[in-house]
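Asker: As a plain string of letters, each chain reads:
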Amino acid sequence: MRAKATSTIALRERLATLLPPEAIAPASDMARYAVDGVVPQAVALPASVEQLSAALRLANDQGWVVAVRGSGALMEYGGVPKGVDLVLGLERMASAIDHAPGDLTVTVGAGVRLAALQEALGKAGQWLPVDPPLAGRQTMGGMLATNLSGPLSLAYGGLRDMVIGMRVAGPDGVVTKSGGKVVKNVTGFDVGKAHIGALGTLGVVLEASFKVAPLPKKDVTLVALFDSLAQAIKASHELLAHPSAPQALEVVLMGMNRRDDEGRMRQPTCNLYARLLGSEGAMERRLADCSRLLVQSRAVNVQPAGSQAAGQTWEWLADFGWDPQAGSGLLVRLGCLPSQVGELSQGIEEMMLRELHQGSLVVGPGRGVAKVFMPGLKWADADTAGTAVEALRGLAAGVQGYAVVERCPLPAKATLDVWGNPGDGLALMRRLKEQMDPRGVLNPGRYVGGI
Amino acid sequence: MKKKRLIEGLQRIVGKGYVIHHPDDLLAYEYDGSVDRGTATAVVFPSSTVQVSQVVALAHREGIPVVPRGAGTGLSGGAIAAEGSIQIALTRMRSILEVDAANRLAVVEPGLVNLDLSTSVAPQGLYYAPDPSSQGACTIGGNVAENSGGPHCLRYGVTTNHVLALEVVLEDGSIVWIGDRYRGGPGYDLVGAFVGSEGMMGIVTKAVVRLLPRPESVSTLMAVFPEMDQASAAVSRVIGSGLLPTAMEMMDRLSIKAVETAMGYGYPQNAGAVLLIEVDGIEEEVSESAASVKALCRAEGASEMRAATEASARARLWAGRKGALGALGALAPNYYLVDGVVPRTQLLQVLRRVGEVSQGSGFPIANVFHAGDGNLHPCILFDERQAGHTPRVLAAGGEILKACVEVGGALTGEHGVGLEKKAYMPLLFTNADLEAMLRLRRAFAPSGLMNPGKVFPGGPSCGEGFRPASVVKADQGMWV
Ligand SMILES: Cc1cc2nc3c(=O)[nH]c(=O)nc-3n(C[C@H](O)[C@H](O)[C@H](O)COP(=O)(O)OP(=O)(O)OC[C@H]3O[C@@H](n4cnc5c(N)ncnc54)[C@H](O)[C@@H]3O)c2cc1C
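Chains as they are written, first to last, in this note's numbering: chain A, 1 to 451; chain B, 1001 to 1480.
Hints in this document: simulated from the structure, not taken from any laboratory. Quick caveat: nothing in here was measured; it's all calculated off a predicted structure. C-beta: ideal position from N, C-alpha, C; glycine also. Keep in mind that a hint or two might mislead.
[As the list claims (entries may be wrong)] Computed Cβ-Cβ distance ranges for the label pairs, DEER-style: (1) Ala1423(B) with Asp219(A): 12 to 22 Å; (2) Asp1383(B) with Arg431(A): 43 to 53 Å; (3) Gly1063(B) with Arg431(A): 19 to 29 Å.
Based on the provided sequences and hints, a complete structural model is requested.
Answerer: Printed below as a string of structure tokens:
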């Protein structure tokens, strides 16, 4: 399907006929825009929808492979691209935030950083209740394309539950909208849903409208220490079944297979973090309920976290495995029904102990998610990574779940199917891709089933 | 294919007793809850996914359109048969196949009546949140197709927020599962793209839906306002204050009068508007929120407030709201129910505009609606026996929809586009927007035989074969 790639010079020259010089990155910058080590031939940095459409149209006509980029924070997500001719960076796009506080809605451009949006909403006592990885850096477009949700999705749902309208540029540069700015709307098909989590393979998200929420009056975090992961997950389910259930709840098993200075194996620590968000009047009782349940469920120690420590903890949890300071490594997200998370995470723990893999595990028992991060460069080796991913997929299959590789160092990553089997719907997904991107120019090879 | 052979083929699949094809018998299936009608060649009543698949495959081979149908309560004509089509009624497939209380989900067949799901899982302390006012009759399959809402969707979201996975029969008869029992797995959100497709992308044969735990405590408040403007302002105040009511429903002067006349409910005769507000959660939270709501309503000029937390007392507060549509039947032989949606801060402005449309057209218009999410339901009262009234009523409805779009709203908040509003779609969407929606449809249903002629402009639309919308009796558990 892909036309024979034009030479780099010709490609840049063609772009220069459509875009002003400042919208084309200098040739010396190409390495900075590489996607999983694949260096593009050119980078367009449009500052308007018109420029973006023009660049897309040209790429589509020429059959150039396009990779869309927000801040670049999460570019590692997805499979290694088969090739990239043109990177389309959205960082220069207009960054309007149109907030309607009385309607609890906001419309925001794809290039706006999530942190900037939260700041604007915060001034009116509102927020978008999301906590994806690297929230401080990622743009709205990147957030929608990757759809990596965090601990808050337990209570607030995912982006799919908050987006009420979207504007998207198709590969031919044609801009279309779906939905609108009202919180309840069934006018026309919900095309926007298809773009959430599509990694830019169906179109380039330009703008989205969201339902937002009032900032909770109280935000309190309880920390409970447990002797074992199994015990902590059991306690989680007790909490989650109670009317006083927290809005976010994550269990962390830290530092597996680490040795102390004398070379002795250290015990990993297991903490449960429960975040209660809500009104003033109910907080006292909710805290008491949760603390009591935790103690009854054999927590070794339960105490509220100071607000600064709590903030850092939740940021750490959201960024788990993605924090650049953690270095490279293998980050895998596994998911299944909440009731089977205990079995799944126990399997992961046993596997890591058996294989002596160092790393940590973050489990969201209510969300049905377990994330494992194993740092180190050994994961650049294809066999090592492949064996571990296969083992994790086996564990996921045992609970009818899935395992997605969120990060893996090169070159191992190029040998992996990072997504795994998306199930029965794959044929429909391919048909959707054919309909929306008939020439296959948008991010080919990076999505499920090689889409 | 000759009609006789077609009927025989269908009978072989679903059994002789489950194919209706005699013109007299087909009459009952010409309608849904809307104003349109159309006649199918046959209506079939399959009892399993395999039967649905075989019927659809047969139709596909013969190039015959199929039209899925639930309870037929749809208000935009989605289930109205295309000429010569086979209508597939899913009402025999009404089982709850599985309830997984630990994971708070249920697997159900599409013909299951919405309310029956909540009733059956009540002993486990669970319920199904989307509660269309027609929930005593409408089906889960119809809800998925329309992405239906309901009064309590203000806090808990509409159907799409509660559907996890679907078994779907595609136009060629193939059976496919989309989605998972949990969210977050790899791949496009096919379920999200499918919900709200108005029966045009495939037939739902099973649905995995989320269940919610019943709240510990619920408080219902009724606030009476001398003027509609004050009630609208109260809605904005409550929403803006950071409270999250589960429902906020409004009735205007005319509806109140109708309810008073029919049921003697005890509202002040001169009341301009009644607001019903519900909050739920744990006890402490509910009493705190209820107190704030009361204070805000008083500040906006509420002349009277009633509150209840006990189930039967709450039901009494809701009775007037739920009986409103039935009561309006006493004021005029026919009504046309319009469904529009606006940003909630625009409620006041649009309600004034609705008043102007009423004056300009000469038809009384009552407003009974989901105020909290800006979802209007102006109800235009008329008598279709009066020559020329029907088209004028439809035109008045069009005026209201235009007013909604002008203030940044949309054409339908919950009833769907169907036949009724497809001609209005260009008010909101460009050809390119519509083309993108068609691409989505073509991924699922390339031939266009799946419920053709709806949603997209062109072809026969509303008003051809307009029939009097009969008043749905309140005792059927139906209200809007
Ligand atoms: C008095 C009254 C009050 C109402 N109140 C509300 C309300 O509060 N909120 C709201 O949202 N709606 C409301 N409605 C509208 C209506 O009840 C909903 O749209 C409902 O979801 C329709 O369900 P149904 O089973 O009757 O579907 P039908 O009317 O039979 O069909 C509706 C659409 O769904 C399609 N369909 C049906 N079953 C399937 C299936 N299994 N697979 C694929 N497509 C299918 C049909 O082709 C059609 O396009 C109300 C209607 C009435 C009459």
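Asker: Each hint: holds or not?
Answerer: Cross-check of the supplied hints:
1. Ala1423(B) with Asp219(A): 12 to 22 Å: 49 Å Cβ-Cβ, so the 12 to 22 Å window is violated.
2. Asp1383(B) with Arg431(A): 43 to 53 Å: holds, 50 Å
3. Gly1063(B) with Arg431(A): 19 to 29 Å: This hint holds: roughly 21 Å between Cβ atoms.
In the structure shown, a violation is registered for the earlier hint numbered 1 alone.
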